[in-house]
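Here's the letter readout for the chains.
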Amino acid sequence: MTAPRSLQLRLALALGLAVTILWLAAASFTAEKLRHEMDGLFDAALKDAAQRILPLAMHSRREHRRDEESRDDERRDRRGGPARAERIARLHKDDRFFTWVVRDRKGETVLRSANADKEAFPPFTREGFRQTATHRLYYDAAGRDGLTIAVAEPLSHRTAMAREMLLSLGLPLVIVIPLSLAAIFFAVRTSLRPVRRLRADLAQRGARNLAALSDRGLPSELEPIVQGMNQLLDRLRAAFEAERSFAANAAHELRTPVAGAIAQAQRLRAETEDASAAERAKEIETTLKRLNLLSEKLMQLARAEGARLRTDTPADMRPILKLVVDDFARIGAAPRLHLEMPDEPVLSDLERDAFGILCRNLIENALKHGRTGEPVDIALSQAGILAVANACPPVAEEDLARLTTRFARASDKKDGSGLGLAIVRTIAERGGGELAFASPIPGKPAGFEVRFTLPRSEAGPA
Amino acid sequence: MRVLLIEDDTVLGAAVRDQIKADGHSVDWVTRLDDARDTLSAGIFDLILLDLMLPDGRGVPFLKNLRTSGAVTPVIILTALDQISDRIDGLNAGADDYIVKPFDLDELSARIGSVARRYSGNPNPIVTLGPLDIDLAARSIHRDGKAVALTAREWALFEAFVQRPGQLLSKAQLEERLYSFDDTVDSNAIEVHVSRLRKKLGRDIIETERGLGYRLGHP
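Here the protein sequences line up with chains A and B, keeping their order. For the first sequence, my numbering gives the first residue as 1, with consecutive numbering after it. For the second sequence, my numbering gives the first residue as 463, with consecutive numbering after it.
The hints are simulated quantities; they were obtained by calculation from the structure and are not laboratory data. Since the model is a prediction, treat every value here as computed from it, not as a measurement. Just so you know, not all the hints are guaranteed correct.
To be verified - Derived CB-CB ranges, DEER-like:
| no. | chain 1 | residue 1 | chain 2 | residue 2 | range |
| --- | --- | --- | --- | --- | --- |
| 1 | B | Asp518 | A | His338 | 23 to 33 Å |
| 2 | A | Glu374 | B | Leu630 | 48 to 58 Å |
| 3 | A | Pro342 | B | Gly583 | 30 to 40 Å |
Note that the Cβ used here is the ideal one computed from N, Cα and C, for glycine as well.
I would like the entire structure built from these sequences, with the hints used as guidance.
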């Protein structure tokens, strides 16, 4: 059996088990001790009874013998013995658990108590205690006459007494143990309240909240853990910020010189009279643009992997999609782009920039791989599903699976970074959205469609 | 048109300046926000090209201050900050357009023209004046169906009139729009350009108000 995972249950079980065992052990010990004492007391009573009855029996026998000697044999009455024995028995009425027999030297029963069962008394061998299967006996002998007495007490009596004692010891335990268990459970539960609060705090914040944990009211054992965690969160936040600002700065630092070089190449092309120089300027420009595209995609990937992709307050995603579509429209893609958006805001707590990067890559991809001149359908639904579809021959199943791996291109002839869908996948995975590819488009013979389900804010629409 | 370019990268700044000049506009180029403030207080600009990360500060607060102080000059942001949130910030601060580096110089020219047209009150680039068919976006003029070639300066001067139909423009205003602080301007430069325009497009294209200035006529 494995131990339960819950600290609370583990503590309650261990304490409960320990207390129960200790209680039972203490009760057993007490019972054993008491039983031992009781046996001593009973034995003493047995011995005491024997020592009291024997002289009486001897005395009674002497009286009897004197009577017999002084009176005629005719006066002998067989009923006399038992009558006297009964008298003695009556003298010991209190000893109703004892039975006894008095025997002479030859082992003949001389006297016995009224309820004595002859079978219960084995013959005399020596003085002292003896035990049979059913009785505890005490044998005593009295000097010259050769008379012996055996007093017997049924063992069932002692067993009954012991049972009663055990019951009176055990009955309170039946109540005390469950009560202690309940008390332990509540004590453990109360003591672990800060732990539960910490757990709830951690559970509800999710992965995106890196704010410090509250250490108010925490037990001293937990304080170092929470402090350690807060330090870790601080470092994490700093690392995220550093990565984020690195990606942003690197993009900036790269973009400006590349922009300068491209612009100069364009000026050169515009100003030169020499056709071959213009051609070379154009080649430089093309190369620089490719370099720029690649560095841009790498930066986007770095951003998608490093930055926090969820915000604390949900925002409308429609203006972002609109901005991105407008960008593409401005560079001449307007006739191919068909945008559909609901009138109501589409709220999500996905980071706006991440959504922008995702939209840009999906549309870029659709424009690049869609059949030239065919429309690209972009639809954002009220339920937060962004679908980008383009016309193309159906993509094979195994190619669909391969699409989001880095530097994988759908076809060799297309000029692309091979990173677009990998960036989209990273954002979907880290931001908590769902990404699905379909080719052919459901309900159509061909085409390619990407569906991205926006993560909805946990708080619900504000 | 007179453009203020605020850009600290010398290679890119030079190329942009040359492009705008080649389009016939005048350019004043500064690399710091302090210089930009001084230059703005000294002259009237038709358009500002603003980089967002400058050695002495950020462009967005600068733009916000500019708008708060009541300036209505069109502003196009030229920046390496490509994130949607940066773009929203820039547009919300009062920018008229937002261009992410690297960009095509021709696209920049087109956007400058488009923003300028929106400010002149007529975003439509096609203007008809009597026998003249003018395409401000394509920078082409047809007179009675025949193409007329203008130099960049002539274009810039003509555009200044077309964008302010009926408005009287003084010689000083025209010089300010056509020449930057660094240009050496001949005292009769405006008269020379006006006379060339009249020769190419017709005598009545520009009317002279003696001692006051010029305005667009009815050819």
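Structure-based check of all given hints:
Judged by the Cβ atoms, the range 23 to 33 Å given for Asp518(B) and His338(A) is violated: they are separated by roughly 45 Å. The given range of 48 to 58 Å is respected by Glu374(A) and Leu630(B), whose C-beta atoms sit roughly 53 Å from each other. Taking 30 to 40 Å as the suggested C-beta distance range, the pair Pro342(A) and Gly583(B) conforms, at roughly 34 Å.
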